[in-house]
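Visitor: Sequence:
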Amino acid sequence: MFNSIPTHYYVIGSTVMAIVMGTFVMVLRMRAAKQPTNERKIIIPPIAMSTGALMFIFEQFRVPPMQILESALVGMVFSTILITTSKFEVRNQAIYLKRSKAFAFILIGLLVFRVIAKIVLSSSIDVGELAGMFWILAFAMLVPWRVAMLVQFKKIKKTIA
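Numbered per my numbering, the sequence shown finishes at 175, counting up by one with no gaps.
Everything labelled a hint here was simulated from the structure, so no lab data went into it. We put the CB at the ideal spot given by N, CA and C, even for glycine. Accuracy of the hints is not assured; some may be wrong.
To be verified - The calculated lysine-lysine pairs, modelled on DSSO-like cross-linking and capped at a C-alpha distance of 30 Å, are:
id, residue 1, residue 2
1, Lys-101, Lys-168
2, Lys-101, Lys-169
3, Lys-171, Lys-55
4, Lys-48, Lys-101
5, Lys-115, Lys-48
6, Lys-169, Lys-112
7, Lys-171, Lys-101
Said to hold, decoys possible - Label pairs and their computed distance ranges (CB to CB):
id, residue 1, residue 2, range
8, Lys-169, Glu-73, 37 to 47 Å
9, Ile-174, Met-35, 29 to 39 Å
10, Ile-174, Tyr-23, 51 to 61 Å
11, Ile-174, Val-134, 44 to 54 Å
12, Ser-138, Ala-108, 48 to 58 Å
13, Lys-55, Met-31, 18 to 28 Å
14, Tyr-23, Phe-127, 18 to 28 Å
Throw the hints in and build the complete structure from the sequences for me.
Guide: Below you can see the structure in the form of structure tokens.
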């Protein structure tokens with residue numbers, strides 16, 4: 015059934031979904047800055063995203079070891095951008111994630127990079143494998159960012175306790 019659908023439809027569909035999800039993340043992040051944060055709000059996203067690893071049960075999503083390494087390294091490099099722009103502040107004895115004007119532009123930039131990379135790479139890499147690579151990239155970006163946020167949050171929490 016899925017083999018009869020042309021590959022470019024998968025690329026278009028996944029690109030549209032990436033744009034929708036990127037927009038959703040930006041809106042969510044902007045709203046999150048209006049409420050105090052806690053450890054749970056920092057830890058849940060990587061745990062929730064980890065369920066996506068179940069895609070690797072299916073062979074079409076499996077990624078060769080070298081591409082796993084490349085995707086993970088690119089994700090970790092991108093995480094440094096997110097780490098440097100994510101700061102906390104204390105207001106009324108509560109810890110808030112500071113709104114960063116750069117964050118929206120960074121997310122848009124990462125989204126544009128992803129769309130361009132997907133379009134370029136989809137001509138030489140199978141769409142399922144490419145989906146696996148982008149999941150690895152995103153997860154390798156999310157985990158270090160959230161670990162750094164958690165460490166920073168706990169340091170600040172000690173100072174107000």
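Visitor: With reference to the structure, classify each hint as holding or not holding.
Guide: Hints, one by one, checked against the model:
| no. | hint | verdict |
| --- | --- | --- |
| 1 | Lys-101 <-> Lys-168 | holds, 12 Å |
| 2 | Lys-101 <-> Lys-169 | holds, 12 Å |
| 3 | Lys-171 <-> Lys-55 | holds, 14 Å |
| 4 | Lys-48 <-> Lys-101 | holds, 14 Å |
| 5 | Lys-115 <-> Lys-48 | holds, 14 Å |
| 6 | Lys-169 <-> Lys-112 | holds, 16 Å |
| 7 | Lys-171 <-> Lys-101 | holds, 13 Å |
| 8 | Lys-169 <-> Glu-73: 37 to 47 Å | holds, 44 Å |
| 9 | Ile-174 <-> Met-35: 29 to 39 Å | holds, 34 Å |
| 10 | Ile-174 <-> Tyr-23: 51 to 61 Å | holds, 52 Å |
| 11 | Ile-174 <-> Val-134: 44 to 54 Å | holds, 47 Å |
| 12 | Ser-138 <-> Ala-108: 48 to 58 Å | holds, 49 Å |
| 13 | Lys-55 <-> Met-31: 18 to 28 Å | holds, 24 Å |
| 14 | Tyr-23 <-> Phe-127: 18 to 28 Å | holds, 22 Å |
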